[in-house]
Structure formats: structure tokens, C-alpha cells
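**Student:** These are the residues of each chain, in order.
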Amino acid sequence: MYGYHDLPVDVEEEGISISMERVGERWVYRRKFGDEEVEKLILGDEKRLIINPVEPLNTPKEITPNLLIEFEKTLLIGAGEKKQVFLTFPVEIGIFISEKTNKNLEILDVLSLVRQKFTLYGEVSNGVVCKYWKSRVYTSPPDLDPLQEGVLELTLRNSSSEWAKISKAVFSAYGMKLYYDGAVFMKARMDILNRNTAETSFEPMPSNGDRQSYLFKGRKEAFGVYGIRKLGLVPIKFYMGWGL
Amino acid sequence: MIPDIDPANLFDIALNPAAEDPVTLGDILTFVLVLSFSVVLARVLTLYLRRSLKDRVSSDVVEPLLRLLYYGFLGIVLISILPLIGLNPSGLLLAGGVAGLVIGFASQNIVGNLVSGFFLMIERPIKIGDQVEVNGISGYVSDIRIISTLVRTYDGLLVRIPNEQVFTTNITNLVGHPVRRFEYTVGIRYSDDADAAIRIIKDLIDKEPFALQNPSPSVFVNDLGDSSVNIIVRVWAPVSEWFGLKTKMLWQIKKTLEENGIEVPFPQRVLHLEPGDKKRPQILESIKETEEIENVLNHEERTLY
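These protein sequence lines are chains A and B, in that order.
Going left to right, the first sequence walks through residues 1 to 244 as this note's numbering numbers them.
Going left to right, the second sequence walks through residues 245 to 549 as this note's numbering numbers them.
Incorrect hints may appear among the rest.
Derived contacts from chain A toward chain B, CB cut-off under 8 Å, selection only [stated by the list, open to error]:
| # | residue |
| --- | --- |
| 1 | N66 |
| 2 | L111 |
| 3 | Q116 |
| 4 | K117 |
| 5 | L120 |
| 6 | V124 |
| 7 | S125 |
| 8 | G127 |
| 9 | V128 |
| 10 | V129 |
| 11 | Y132 |
Rather than coming from a laboratory, the hints here were simulated on the basis of the structure.
Heads up, the beta-carbon is just placed ideally off N, CA and C, and yes, glycines get one too.
Chain B with its partners taken away, still in its complex shape (with noise of 0.2 Å):
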């Protein structure tokens, strides 16, 4: 049987007419819209708030943030209505303390994702827009969220790490100091001449920009090789135009040495035969038995005696 019900009193029905502090329909539709309103207001604080920092810090900084107001402010506003349809805030701490150990036990790798996020935030290793190394993945890290981190892999994947493994692995942070440095091994002919080529070298690096004048590049011979006269390349650059410079600098180097009539050597081998036999064919049958490996002196000079 439906009770008569007075339209002008509607929001007056209690909901639990036996507890101390009944909660009507009234409260149910304020807690509802006290919350809609909330949200709304916080994602029309956060907008304008990323809009207008947008262009002055950085948005590793901001996002955090903002998440943090986000959550925040609601996480307030819900405690502050929750008396509104007779959920006593200090009576959930209770109940919130059981629960917690419940849920814990249950969801013990959201909870340590949860935290390892929160430590990430604070301690941040990576940043978003950092391109890092992390479990064998790489690439740019495009959000570091409460739970997870978002990697753009350098071929487009989207990748989510879970934040418990971000926190605990080994990160390799490319971007994490202001510069950085490349190597390269040039090999050139023993009878090239090695001052002229590493002089041809620094040349290059002086006058490329973003080669760094300080840490100063290292041009030196490092080895004898089989078949050349390794020199190492060191140069410093700015984040931001390493791999561009890297990839840049070892073919204008292999070409302007090669301009300058110093050349980088195939792997040879010079063959010395035994001379005397008379018998050609057996002399390159014995070729294997007296063949003898030597530094080459020069492409050109490869002989047979």
C-alpha cells in the first residue's frame, strides 16, 4: 500500500524514520548536488589553473599538482557532506581502520602501486616528458599517474608500467643531466698521418655549435688495430641535441677526412708465399701454410711475392 504523501513535504521523508538522526530525501539531493557541484568546480579550477600555468612551469610540475588539488579538494568536500545522508566522518575512521586491513590484504598491488606513485611524485626520478629506461623499455615518459606510468616508446607504443615496478627497478633517466656524451671509433690507415687527422677532427667539433666548448671534447689515438689506427672521439652536447649531433658528426668527419686524402681502411691481411717453387698452382695450395698476418701498412701495399 503507498502512503499519501504530501508533494510540498516530499523532501522531508525520512529514508530511516527509526534512526536517532533520520536522513531524509532532502539531504540525499543535497549530498548529490553539494558533490556534482564540487566536481564540477574542480574540474573547472584545475582547467583554469593549467591554462594559465601552462606557459610558466612545467608540466611534470603542474600535473601532479593539480591532480593533487583535484582529489584534494574533493576528498574534502566528501568528508564535509557525509553527516548529509548520516555517515559520521570520525565513526568511518573506525570502520576505515578495519576496512583498510581487509582491503590491504586484498589489494596489496594497488596499494604498493598507490604508494610507489606517491613516492615517485615525491622523489621524482623521471619526469613527464623525460625520455627514460625503465624494465627494458624506452622511450618518453607521457604521465606518471597515481597507479601507473604512461611510456610513448620511440615507435609510438603506448606502454603502462605499473608503479610499484617503475619505483623498484633500475631507471635510466637519458635526460637527466644537461648534457650528455657520444663516442666514436674512426680508424684511419697506418700510413695516413694521425696528428693531421685528429687536427681535421677538433676542427670539426669547433666549429659544429652544440658540440660543447666545456666539458672539452677528447680527440686521441687509443689503439693499433689489425688493420688501422683507432682514434676515439669524445664530445659533449646538450641534451636536448645529442642524438641529432651524434648522428650528424661521424659522417662529416668519415668525409672530410676523406677530403683530406685520409681514409678509413677495410679489414685486409698482407700475404707473404715463399718464393722458389715452381709450380704456381702449389704455391697457392701452400698459400694457407705460410701465410703470415702482419700489420698492414697500407691498403695499396697488400703484395704477393
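With the rest of the complex left out, here is chain A (with noise of 0.2 Å):
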């Protein structure tokens, strides 16, 4: 499903149907899933539309650019150490229109098949709500479904000088890199500063060198709903000061 679709275009997977066919002078495009239906009229011509996934923050309704992802098991790790784990994060699909030249891109609808839940991170007078998720902790990436979860590499980079128990990791979409290629993937870290504290980012794809490493071989970067918005300065990492 993922990919640059040239006009008309249906497609069908797991129950999600997507459309978009000539009507008179107009394009129609059509979406079904379940009992959600989405119609739109699109004027002009020589248009494609992208189907790639998206940072997991826009559906049911965006309230929050935050992604706390719980972890199912606390994590140890020592002092000065620097470790990788792998844990799932939730995926939305985004379907983009945009000119032949991919330029000018307009965000048409984000659906999601996934349960979705929000929490609050930190106290209820100054905390911050965040998507949320829970996730196994890997070692090696697992095999998932690409319209439901992808991977998240995540480097874990202890420089406190004592012990820390990680049990979440908080993230901010306006930073967030996915790719994709028949799996969905993103890659961050997180530096713990001390017992309690620690900062997380995501590391885009190198423009030369490393693109031979294992999460960015041969993947395409994802147009992102926050990533297509003119932003001011707002914050690309997240600053965990309420527990980790």
C-alpha cells in the first residue's frame, strides 16, 4: 500500500480501501475502513498521491505532539553505559496529494488500525498529555505488521554516574523521522542525565556515510504530517523531567 501512486488509484489491504477516480472535471477520493467512510472532491489535474506512514499523533484527534511509549518490562542500565533496544511504536497511514514533482504536498486523511490511548506524563497540575503505548523491549528487530507498528531503534546512553531503571520514553513528532520500505522504522535516543531525567531525539538519515547501516539500507524517508507544517522554533527533543 505504501508508495507514490500515479491517478486513477485503488487499492485495497486489510480491509482499508482506497480510491481516486475521475469525476466529470473533478477527482474523488474515497476511503473505507470499517464503518469510517471519507469522501473528497480534489480539483486539477496532473496530481499523485502518497501513501506512507506517519507519525502515530494525529488520529482520533491531534491534542498532543507527544509519543510515550510504556515499556512492558523496566529496563537496567549502568553508568556510562551505551546500549540499543528495539521497541514497537504505533503507525498511522497518511494519504497525501501532491504534484507530479512530489512538491507541494497537502495532507488528505490519516487512518489508523491500531487501539488508541492517551495518558498524562507527569503531575496533573503541570504534565504533559501524550499519546500512548506499550511496547516488548527486543534486541533484535522484530517482524511486524507495517500498517499497524513499525521499529524503533533506540540508543540508550547512560551518563549519570549511577544506575538507571527505565520503564518509558517520551518523544516529540516535530523531531520524528520515519522510513519505510516494506517495514516502518524510526531511530532515537535517549541520554539519561541522571536517576530521574534524561532527554530523547530522533536521529534522521545521514545525508552520505552511513547510509549503508542497518535501519537506513535501501529505506525511504516518510512525508510527515508535522514534518510538511512551516514550523516556528518549537523544541525537536523532548526533556523527561517527570521520572523515566
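Starting from two chains that each stand alone, build the complex the way the hints lay out.
**Tutor:** Shown next, in the form of C-alpha cells:
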């Protein structure tokens, strides 16, 4: 399903039906999934449909740019250690319309096949609402359904002088970079500052050199809903100040 | 008698020739022009800043800031050009001190509102767009001005509250924290399985995206009432979704419980009548004397002996 589609288009997978057909002078976009039906009219020619995974923060309603992943089992990492683990994250499917040259993108629709849940990170008085996801911790990338879940390669670096217990990680969508090709991937890091605080960020595809690494090899960078917005000064790192 | 005026020297005509530093018509014109230009410039600048900051900074921060910039800029310009019309700003300070006392006494309320407005902008207990309850008035804050605060009530009325009142009364900010809790009391029959009801309600909460995972919801039997076993349901939700979720979930709980054979009972009483009396009408009349109130086992078990 993921990829670039020239018009007219008609794709169907896992109960999702996406089509765009010409009716008279205009194009009609239709998407069906379960009881949900979306229909939009598009004026103009020489367009293309792009379907790719997007940041999991748009459905059922965009109320927060933060994603909290709770680990099924608590991790302990020693002082000064640097380790890599694999987690899962929920995937949302983004449908964009663009010019043939892939310029001037506009989001048409976003849907999700997974259970949606929100949570609060921090205190009731000053915490932040986050999208919630629970993940197992893997030592190697698991096989997942790319329409539902993606693999997050997380590098943990404990720069403190004591053991750190980690049961969750919070990320900001503004820095998210998703890659796909069969499976969906993200690469992130978590710098543990002390027992209770850490900073998380995403690592984009390097412009040269490291492209042969496991994650980036032969994968396409996905257009993100947050990525195509013209943003001002927004923090792309997330400071976890209410515990790990 | 009108003096002869040379049109070329029109702007050099002194309006107060006896003064040490006479003010000419040209000075007055310059004063008016500079002030008008500054007003236009301040408006253009604030408009430009408002547009460019619109998507980046929230309006509750932008608006007071722009207002401060607008009036601050005009104030500085006004003080700088006062000498053009023969007014010395340092002299004004002295005059202002005396005048301030007089004006202060005469306009205590206005000054009170002004000062309160200033502190409201600094302390920021409420912001533009917040849902608040001030002095019995509930609604959305649509603007915080220097003298007053405007509130749009839920039924669409615009209420102007003087800032002094806002500042000195209790303010309840309904969206002051990121999350908020709501609570239901759900009564079920004594014959129903309360554990099953709790499980069903928990499942419903779990399926609802905006019912927060943490702080976790709580569902428990709170009270054995006259007619029902009362279950308390407490759910946290993001403030933006609180009302929608609250209005949606109660009916969902009621329907799902009924689908599973668990009913919300009506208030009811079980009446036990003494047996043995032969005349039925007399028995009926004596109901009031012999009735006994008991906890109800079931709606269907209402019995007459």
C-alpha cells in the first residue's frame, strides 16, 4: 500500500480501501475502513497520491505532539553504559496529494488500525498529555505488520554516575523521521542525565556515509504530517523531567 | 484687525510670541504629523507582528505583548515630541505628581482596574481562550484588556468584568491543568453481579482513547443504597476532551450494562402485609401501618402476601 500512486488509483489491503477516480472535471478521493468513510473532492490535474506511514499523533484527534512508549518490562542500565534496544510504535497511515514532482504536498487523510489511547506524563498540575503505547523490549528488530506497527531503534546512553531504571520514553513528534520499505522504522536516542531525567531525540538519515547501516539501507524517508508544516521555533527534543 | 501674513512664513508664526521658546504653527503641524505617522506605524507594526506570530505563539501571549508594544511606542514618541508644542516632559513629571494625586482620588476605580489589569497580565491566572468561572459568570475568556476582561458565556453573551473584580474574587480556571476528572454514580440491582458490572465499565473505559491510561480510572462499589448497589466511576481526560467524553460515556455505560443483563433499578420498596385478615379492603387500608421498608432484592421480587 505504501508508496507513490499515479491517478487513478484503487488499492485495498487489510480492510482499507483507498481510491481516487475522475468524475467529470474533478477527482474524487474515497477511503473506507470498517464503518468509517471519507470522501473528498480534488480540483486540478497532474496530481499524485502518496501513501506512507506518518507520526502516530493525528488520530482520533490531534491533541498532543508527544508520544509515550511504556516498556513492558523495566530496563536497568549501568553508569556510563551505551546500549541499543528495539521497541515498537503505533503507525498511522497518511495519504497525501502532491504535484507530480512531489512538491506542494497536502495531507488528505490519516487513519490508524491500532488501539488508540492517551496518557499523562508528569503531574496533574503541570504534566503533558501524550499518546500512549505499550511495547515489548527487543534485542533485535521484530517482524511487524507495517500498516499497524513500526520498529524503533533506541540508543540508550547513561551519562550519569549511577544505575538508571527505565520504564518509559517520551518523544516529540516535531523531530520524528519515519523510514519505510516493507517495514516502518525510526531511530531515536535517549540520553539519561540522572536517575529521573533524560532527553530524547530522533536521528535523521545521514546525508552520506552511514546509509549502509541496518536502518537506513534502501529505505525511503516518509513525509510526515508534522514534517510538512512550516514550523517556527519548536523543540525537537523532549526533556523527560518527571521520571523514566 | 487681521495682521498681514506672508504665506511663505506661515509656518513661522509664533502662537505664543511672549514665551521664551515660542511655538510656531509649523511646530504644531510637525507634532500632529509625527504623532499621526507614529500611530499608523504602530498599527502597521502590530498588524505585521500579529500575522507573523499567529501560528507560532499563542494569542494569549501575543495580544498583551502587542498592546504593550503599541502603547509603549506611542508613549515614547509622545514624550519625545512634547517639546515641539512647548511642553517640557521634566516639568510634566512635577505637574504629573500633583495631577496624579488629584486624578487618583477622582478615578480610584479606573486606576484600580488598570493596576489589576497590569497584575492580571503578569500573574496570568487566566489566558485568552481559557474556560473560567469568575464571580458566578462562566464562559470563555475572549480578551483581557487594560481595564476589563471580556468573557463569552456558554450561551453566547458577552460579559465585561472590571479587572479589579477579576483580580480580587475567586477565579476557577476550568482548563488550568492539562487533565481533568469526571465522576458518575451508576446504580445496579442487588441481584446483579457487581464484579461483572465493574469489568464491563472498565472495558468501556479502556476502549475509549481519551479516557487516560494515567492517572488511571477507578471503578468501585461505593455504597449499598436503598434501591441499588452504587458503583462510582472516575475517569481522567485531557481538558480539551473532558466534556465530550463525559457526555458520551454515561449513556454508553447504561446501554452496555443493559445489553449484558445488568439494569439500573428504579427506586422501589418491598411491602410485607400481615396475613390472616379476611376483609381485603381492610388489609389494604392497613398497609400503611404494617409496611416495612427493606432493601430490594430485585425489581421483579416486589411481593404482596
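**Student:** Would the hint on A/Q116 stand, with a C-beta cut-off of 8 Å toward chain B?
**Tutor:** 4 Å, holds
**Student:** Just to be careful: measuring from the Cβ of A/V128 to every Cβ in chain B, is the smallest value less than 8 Å?
**Tutor:** 6 Å, holds
**Student:** Does A/V129 pass the interface hint, meaning its C-beta sits closer than 8 Å to a C-beta of chain B?
**Tutor:** 5 Å, holds
**Student:** Can the hint on A/G127 be confirmed by a CB-to-CB distance to chain B that is less than 8 Å?
**Tutor:** A/G127 check passes; min Cβ-Cβ to chain B is 6 Å, inside 8 Å.
**Student:** Does A/Y132 meet its interface restraint, that is, does its C-beta lie within less than 8 Å of any C-beta in chain B?
**Tutor:** 5 Å, holds
**Student:** Any CB of chain B closer than 8 Å to the CB of A/L111?
**Tutor:** 14 Å, violated
**Student:** Hint check: is the beta carbon of A/L120 less than 8 Å from a beta carbon of chain B?
**Tutor:** 5 Å, holds
**Student:** Interface hint check: A/S125, Cβ to nearest Cβ on chain B, cutoff 8 Å. Holds or violated?
**Tutor:** 5 Å, holds
**Student:** Does A/V124 pass the interface hint, meaning its C-beta sits closer than 8 Å to a C-beta of chain B?
**Tutor:** 6 Å, holds
**Student:** For the restraint on A/K117, tell me whether the closest CB of chain B is nearer than 8 Å.
**Tutor:** Cβ of A/K117 sits 5 Å from chain B, so the hint holds.
**Student:** Hint check: is the beta carbon of A/N66 less than 8 Å from a beta carbon of chain B?
**Tutor:** 11 Å, violated
Comparing the model with each earlier hint shows violations of hints 1 and 2; every other hint is respected.
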